[in-house]
Amino acid sequence: MRRTYLGEFEEIILLMVAILNGEGYGVTISEALEEHTGRIVTFGTVHNTLIRLEEKGFVTSELGGSTAERGGRRKRLFQITALGNRALQEIQQLRQNLWLLLPPDMLQPGNA
Amino acid sequence: MKDPVQPPRWARWLLSRLHPDNTLEEVTGDLDELYRYRYKRSGKTRATLHYLLNVVSVVPPFVRRRNTDKQYYQQPDYRATFSLKSTMIQNYLKIAFRSLKRQKVSTSINIIGLAIGLATCILIMLYIQDELSYDRYHEKADRIFRVGLMARLDGEDVGGPMLGPNAARDLQQEIPEILKATRILKGGEFVSNGTSSFKEDNLLYTDSTFCEVFTIPFLKGDPKRALTEPNAVVLTEETARKYFGNQDPVGKVLLFSREKIPHRITGVVRNVPTNAHFRFDMLVSSPDDDEQHIGWMYRINYYTYVVLPEKYNYKKLEAKVAQLAERQIGAELQEFLHLSPKQFREKGNDFGIFLQPLTKIHLYSTFGGNELTPGGNILYVYVIIAIAAFMLLIACVNFMNLSTATAVRRSREIGVRKVLGSVKRQLQQQFLIESVLLAVAALIVALLIVCLSLPYFNQLTGKTLTLSLLTNAFVATGLIVGTVLVGLLAGSYPAFYLSSFEPVVVLKGRITAGRGSFNLRSGLVAFQFFITISMIIATVTADRQLRYMQAQKIGFNREQVLIIHDTQMLHNNETLFRDKIVQSPLVITGSISGQVPIGNSALDNTPVMSRENPDKAVMSRFYKVDDEYIPTLGMHMIEGRNFSKNLSTDSSAVILNETAVRALGWQQNPIGKELIGHIDDNGVKTYYRVIGVVSDFHFESLRQKIGPLVMFLGGNSGNILVKTRPGELPQLLASLKEQWESFSPAAPFSYSFLDDRFKQVYLGEQKIEQVLTLFSGLTIFIACLGLFGLATYTAEQRTKEIGVRKVLGASVGSVVALLSQDFLKPIVIALVLASPVAWWGMDQWLKEFAYKVTIDWWFFALAGLLAIGIALLTVSYQSIKAALTNPIKSLRNE
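Residue numbers (my numbering), protein chains in the order written: chain A, 1 to 112; chain B, 1001 to 1894.
If we strip away everything but chain A, and leave its shape as in the complex, we get:
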């Protein structure tokens, strides 16, 4: 299978979905993003990325869990798929391998 390309932002969102483990939806993902990375992005960015991830088959979604806070409207909750999981692991693996190839002195502080 052709490896599906995963952009940096997509990767982070996918990680958030994985971290939140079934509790991830627009708001929680945005908040987690802000909390962990300090990035404040518009909601549209997150929204579009989630749809794109779903089109690529890395996440699935389901409507549910309405609360009074949001006027009784349902949320779309996201769950990572096996494919998404594997993609994340592959990236992680790739990074690991590359890090091992780094000459040891490059890791010294002060070496730009």
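Hints in this document: simulated from the structure, not taken from any laboratory. All figures in this text were calculated on a predicted structure; none of them were measured in a lab. Possibly wrong hints are sitting among the right ones.
[To be verified] Chain B is faced by these chain A residues, among others (derived, beta-carbon under 7 Å):
id, residue
1, V27
2, H47
3, N48
4, E69
5, K75
[Stated by the list, open to error] Here are a few chain B residues that sit away from chain A, every Cβ distance over 12 Å (derived from the structure):
id, residue
6, S1106
7, R1169
8, L1179
9, F1198
10, R1425
11, V1445
12, N1472
13, F1556
14, M1609
15, T1686
16, I1706
17, F1775
18, E1796
19, Q1844
Even for Gly, the Cβ is constructed at its ideal location relative to N, Cα and C.
Put chain B on the given structure of chain A with help from the hints.
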């Protein structure tokens, strides 16, 4: 209970309107939640701001749409049926090509009709673009103005675009707003490079500031210094090649006029573009005038231009210039006429100045012969735009008519498609795509026609238009978008109308358009024929007028007359040359005279008075001729005798034309009467005795009335008119040239024929006739296409009716008559409407001519018959076809 923490309501409304429906619920919820979160963290303002940003980020075009159908992700090949998807488009195209191919005739007629309309439009667009682009290539084009003179003397406008030589200097000195002022003086000179000489008609004397005002691209030499020294010449590329071939001309010397004054070449410039109101082959530095006493009103030969600062309102300056002119011209009036400006104006005269923007000189200036080059006319531009618009409109309407007519034929196809489950929208798309395809094909054909016809069009208009304008992205997009729009519009009727029928009805083939739409169609036919008939009448009138002018007795014989030009350059040998020419057996007579009785002469009218009535001045034209003039041109003496070389008293004799005799009041026996031909500054009168009367002849063009003419015997060199016997003309010309060169004059040998010159005078009329013929041909063609479309349509509509009529015993003839008469009505209406309009228009045009044809009733009859004949011919094809159809075929469905 209202929650206090709520985002602005209008923003949420906006969101609900713009955000895709299928994700609206979750997104609205998410945004509300985020708003609360932000509200707690950073307060209301920031939360609202953030909310708005978020809303913007989830409305189109930023938002990504979630596809509703979950299956989409698992089966990527599945496509929804109801939108414009590529397989469907492929199918539409396939069907379109098939049906267009099946109806070859109507397809090609439709394409050609629209293509001709488009091609005409494109050509006219090119023409107009060129007309509007005059003089815009100068960098300062919008700041350059020409100063002209307004003057009225004895009720006649004698102003023009020129001023005296001092105006430019005074303007620059007295008015600080004028950055630069420069003058142009038109000239003509014999120029020689030592070995061969040429007559240069396109020569301008210019100030050193010329190149600072106008943008003249120099190839060689320094624009700032090229025209500063006296006797400096700047050549155009072409002229440089003419004199020096491929050598570098800068620094070389050219000899001017018969005195062979050396002029040094200081530069070479690019050839002047054709869209300029002045053209030149050479620029010569202005000779230094002894500028003491010349002023503004004396030697009014200088075109004076000024440059203003950027964004300066020239109307403001006009007032200042007017003040200055009042002072300067006023002083001159005082000096020459001993009149103050006030007294001058009290006599009903007037004077003043005006400014003309450079870019408007070509189209708006009305000084005709006084311009540096003949100008255009903004009125013609409007007329031609109107013609183009009409042509395009008619072509589009026809395109629509024909498309509809052919679409109706396909009602069965529509029915079958509907039964098989085709949705309305698909049918609409099918028809729209077909007509857009046709329109695009028409555009391609139109471009082809334009490419092929451009050389002829250039010949007709005397322009050098190129297709470069069409490569302009803006124009190209406009053309394509316009064409597609026409296609969509034309396709819209069948698309929306036909596809809305019930399948059962269409399958039965019983689509009938309402009566109303037929009336609209006949109205359009009437409109088309209105234009066609007007054009035919105009063409016929122009043709008659042109023939009339050429067949007119002009009063002299223009056949076999050769004119040798510039014979004054032979100095004293002119007579010798003439005498030598006459010795040739091929020559009958030869006359030396500056006057050629054709075209506008530069001569002014001069007053003459009869001896008995010295107060009544008759403005007449003076001709100075020799004794051979009248026989050479074959003019007819009514009374008296011609001049004679042998009678010394003939130096104070004159010959008049009939009009002059009448004007002087000598109806009976004019011979021997005396007139005052000259009064010198001291009031001494010179009397001349009339020895003969020559019958009236046209000495200008037939546009003007024959005026009074007085012929004097006198040395007036310039041309030798030679009457030749028919025969070996090339040999004669060769021997003339040889003899000419034996005198080694500064001018080259050049000649023309009188009848060629005569034809040239009417070149303008000839062009008008050609243009009219072309356009009326095109409109007839396009109107016929329209009629053809309509006939097809009605024949189609009435198939059943015809079938029934035939079954009941109608003959073919009666059916054809029935179908044809429908079309006669709009044409007759068009004839009735067009006749007065065309009559009025042509009457206006004919007013320019002193001698003109009368517009006869048969012009209209001819135009009407022609239109009806052509229309019947067009319609008959369809009606005969319909009448000959076996009724079984048309009725079998019942």
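field: Structure-inconsistent hints, enumerated in ascending order
entry: none
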